[in-house]
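Participant: Generate coordinates for the entire structure from the input sequences, incorporating the hints supplied.
Chains C and Z, in that order, give the protein sequences.
Heads up: the first sequence runs through residues 1 to 380, numbered per the numbering used here.
Heads up: the second sequence runs through residues 381 to 559, numbered per the numbering used here.
Among the clues, some could well be false.
What the hints assert, rightly or not - Here are the simulated SDA-like cross-link-like pairs (lysine to any residue), alpha carbons at most 25 Å apart as the crow flies:
#1 Lys47/C <-> Val73/C
#2 Lys195/C <-> Val242/C
#3 Lys195/C <-> Arg225/C
#4 Lys302/C <-> Ala533/Z
#5 Lys302/C <-> Arg446/Z
#6 Lys47/C <-> Pro82/C
#7 Lys47/C <-> Ala533/Z
#8 Lys195/C <-> Thr232/C
#9 Lys302/C <-> Lys256/C
#10 Lys195/C <-> Gly223/C
#11 Lys256/C <-> Thr232/C
#12 Lys302/C <-> Glu439/Z
#13 Lys256/C <-> Leu183/C
#14 Lys256/C <-> Phe52/C
#15 Lys302/C <-> Ala382/Z
#16 Lys195/C <-> Asp255/C
#17 Lys256/C <-> Glu299/C
#18 Lys302/C <-> Gly438/Z
#19 Lys302/C <-> Thr383/Z
#20 Lys256/C <-> Gly236/C
#21 Lys47/C <-> Met534/Z
#22 Lys47/C <-> Leu183/C
#23 Lys302/C <-> Asp255/C
#24 Lys256/C <-> Ala208/C
It should be emphasised that the hints constitute simulated quantities derived from the structure, not laboratory data.
Listed below are the residues making up each chain.
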Amino acid sequence: MSATIRNLEGNEACALGAIRAGCRFFAGYPITPSSEVAEVMARELPKVGGTFIQMEDEIASMGAVIGASMGGVKAMTATSGPGFSLKQENLGYACGAEIPCVIVNVMRGGPSTGMPTRPAQGDIMQARWGTHGDHAIIVLAPASVAEAYSETIRAVELSETLRVPVVVLLDEVIGHLTETVDLAAVPETPEVWRKFATGPREGFQPYAVTEDLIPPMPRPGDGYRAHCTGLTHAPGGFPTQVPEVATAAVTRTTDKLALHRARIESWRVQDAEDADLLIVAIGISARAARQAVRDLRAEGLKVGLVRPVTLWPFPEDALRETVARSGARAVLVPEMNQGQLVLEVERVLAGRAPALRLNRIDGQPITPDEIAAAAREALT
Amino acid sequence: MATTEIRFSGSGGQGLLLSARILAAALARQGRNVAQSNAYEPVSRGGLSRSDLVISEGEADFPLARRLDYLLILDAAGLGVSDHLLSPRSLVLADAELVPDPPRGDFATRALPFVETARSLGNPRVTNIVALGTLCALSGLCPPEVLLDRVLAMTPAKFDRLNRDAFAAGLAMAVPEPV
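Facilitator: Pasting the structure below:
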């Protein structure tokens, strides 16, 4: 057996992926079912010269992560729904000030403290719109332990290169699932860093508008004077309420993600070409759907799966084109909430095909048999 | 995708999660893919404990148990919770002493003296290793020497002798049931 093949837990894979991508700072406050991310970081970060801090609460954890990143270190935190809610104010600051950072959110039953040990997928909308105002954010949704590893690596890289917070959104099942993973399946590539400021110190503009819409970040110690604020700021970094400057400032951050959409979006398709029914799902619900598609195909039913790996920005062209190419009559969206992903699917399809719902909020994962039954009903 | 599904169930503290982890490690060494999921509740001792393995070639489509091939029940706390996962392809292995009324139906059920054997070896805590030996022999999932190697690697060295004996006793117990 190769030394790179290991049985890893999803949460552990997140931690190891982050470290491999160069994350060297973790501040967190343990919360079920995400605590193993912090546990592994506490054990592994010191071995690579990194820093682990258990903070006094989730709010402070997010603040520490932002500070570490501004200080020139790749930084991450991990939490679950209630802690994710607490982090939203500082997460908004990171969005506004464009501070690279990664937030792992392992979803459990909610609202509030809900069902701490039970899985859910109720933070699909919180991950996108949890902080206030118009803002750019990336959310990745692994559906396996292998992906918890590779997508956390991608989260660190996207966060760095695009100067944007990235959320890795797991559900409790994937977070606590152990699977056999080949760590070498993710090819060795040079470490990715944010674009650091170069050139004259005099007149440096920390939020300069560049062609790629990604302002270079000053590296602490390089001698650039930079003001950083959560207030809407002009390219010079200082607050502004001049209408056209404010509009341009916020628009640039959202345009930035639109401009780089091709490298952000990721999705997987299974048996979609001739599908009469397409299933759209993430996380453990997508694994159930994968099995259901296999079972239904064995019965001769033409069913396929579209799985967003990048959840936000939603891979809308991919879904639209897959539905159009297959000629699917309907789309089925199984999710462990009362219907969140389905809202985005409905928006994207805009009536081209009806979006059918399959929901569970009882703390139990949706099974392949339930999805298969819903699919059979939809096709009759 | 063809899977082999095993559930270790019983009472918290019986070493069920560890047994599953050991078997998973041995299977990974044999090139198999294993998905392990555990009962996850706010309890530390006693009460239902369970760990499931879904074994496949390549990543399993669905990593959670659907139809068990092997169900191990080491304590009455494990009764009742797995019946919906049993089918004619299942083999139930229940402890003869602690599980007085194991599930019976259109599947095979065997009551075996796991606890009694461990006790006769001097420590009922190796019940899980006895059961692992029996499961290894009955399932043929991996060579006994590969599994024993992982047992010894993943448990404290001071128990090596006891674990070897427990594993061997478990293997020996896996003789065909008398007609």
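Participant: Within a Cα-Cα threshold of 25 Å, do Lys47/C and Leu183/C meet the stated pairing?
Facilitator: holds, 19 Å
Participant: Would you check the hint for Lys256/C and Phe52/C, treating anything up to 25 Å between C-alpha atoms as holding?
Facilitator: violated, 31 Å
Participant: For the pair supplied as a hint, Lys302/C and Ala533/Z, confirm whether the alpha-carbon distance does not exceed 25 Å.
Facilitator: This hinted pair is violated, its Cα atoms lying about 48 Å apart.
Participant: CA of Lys302/C to CA of Ala382/Z, is that 25 Å or under?
Facilitator: holds, 21 Å
Participant: Take a quick look at whether Lys302/C and Asp255/C sit within 25 Å of each other, Cα to Cα.
Facilitator: violated, 38 Å
Participant: For a C-alpha distance cap of 25 Å, please report whether Lys302/C and Gly438/Z respect it.
Facilitator: The given pair, whose Cα atoms are some 24 Å apart, holds under the 25 Å limit.
Participant: For the pair supplied as a hint, Lys47/C and Val73/C, is the alpha-carbon distance within the 25 Å limit?
Facilitator: holds, 16 Å
Participant: Are Lys302/C and Arg446/Z close enough, with their CA atoms no more than 25 Å apart?
Facilitator: holds, 23 Å
Participant: Given the proposed pairing of Lys195/C with Thr232/C, does the C-alpha separation stay at or below 25 Å?
Facilitator: holds, 22 Å
Participant: Are Lys256/C and Glu299/C close enough, with their CA atoms no more than 25 Å apart?
Facilitator: With Cα atoms ~46 Å apart, Lys256/C and Glu299/C exceed 25 Å; violated.
Participant: Would the hint linking Lys302/C and Lys256/C be met if the CA-CA limit is 25 Å?
Facilitator: violated, 39 Å
Participant: With a cut-off of 25 Å on the C-alpha distance, tell me whether Lys47/C and Ala533/Z pass.
Facilitator: holds, 23 Å
Checked against the numbered hints listed earlier, the structure breaks hints 2, 4, 6, 9, 13, 14, 17 and 23; every other hint is satisfied.
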